[in-house]
Amino acid sequence: MKKHKRDLANRSYSKGYQASVQGRSLSTCPYTIDSIMAYHWSRGWREGREDFWSGFNQQAFQQKVSNLP
Numbered sequence: 007m008k009k010h011k012r013d014l015a016n017r018s019y020s021k022g023y024q025a026s027v028q029g030r031s032l033s034t035c036p037y038t039i040d041s042i043m044a045y046h047w048s049r050g051w052r053e054g055r056e057d058f059w060s061g062f063n064q065q066a067f068q069q070k071v072s073n074l075p
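Residue 7 is where the sequence shown starts when you use our numbering, and the numbers rise one by one after that.
Quick caveat, the hints were computed from the structure, so don't treat them as lab data.
Hints may contain errors.
What the hints assert, rightly or not - Cβ pair distances, simulated, as ranges: (1) Q65 <-> D40: 31 to 41 Å; (2) F58 <-> N16: 12 to 22 Å; (3) G61 <-> T38: 29 to 39 Å; (4) L32 <-> K70: 30 to 40 Å; (5) F58 <-> P36: 15 to 25 Å; (6) G29 <-> R49: 15 to 25 Å; (7) L14 <-> R52: 28 to 38 Å; (8) S60 <-> S31: 12 to 22 Å.
Note that beta-carbon positions come from the ideal geometry of N, C-alpha and C, so glycine has one too.
Given these sequences and hints, build the entire structure.
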């Protein structure tokens, strides 16, 4: 059961990260505000933005997203 929950959180994080790389807004989060899934999605989105501002290129984004836990 715990692994299943952890996988959902990682998937949400990854989707948020991908959304930020694609230039989508934080307000496009598909989860209910104040839910745990929204938290993970927005965390991924913020990390994606930080990476973008730090100068990651598209190839680095692709590699990071594919290597997420």
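Taking the hints in turn, this is what the structure says about them:
Roughly 35 Å separates the CB atoms of Q65 and D40, a value that falls within the hinted 31 to 41 Å. Between F58 and N16 the beta carbons are some 20 Å apart, a value that agrees with the proposed interval 12 to 22 Å. At about 34 Å, the beta-carbon gap between G61 and T38 stays in the expected band of 29 to 39 Å. Range check, L32 to K70: about 19 Å between beta-carbon atoms, so the 30 to 40 Å window is missed.
Roughly 20 Å separates the CB atoms of F58 and P36, a value that falls within the hinted 15 to 25 Å. Under the hint 15 to 25 Å, the C-beta atoms of G29 and R49, about 18 Å apart, fit the expected range. Checking the proposed 28 to 38 Å range against L14 and R52 shows it is violated: the Cβ atoms sit about 19 Å from each other. For S60 and S31, the hinted distance range of 12 to 22 Å is satisfied, since their beta carbons lie about 20 Å from each other.
Hint compliance for this structure: hints 4, 7 are not met, and every other hint is.
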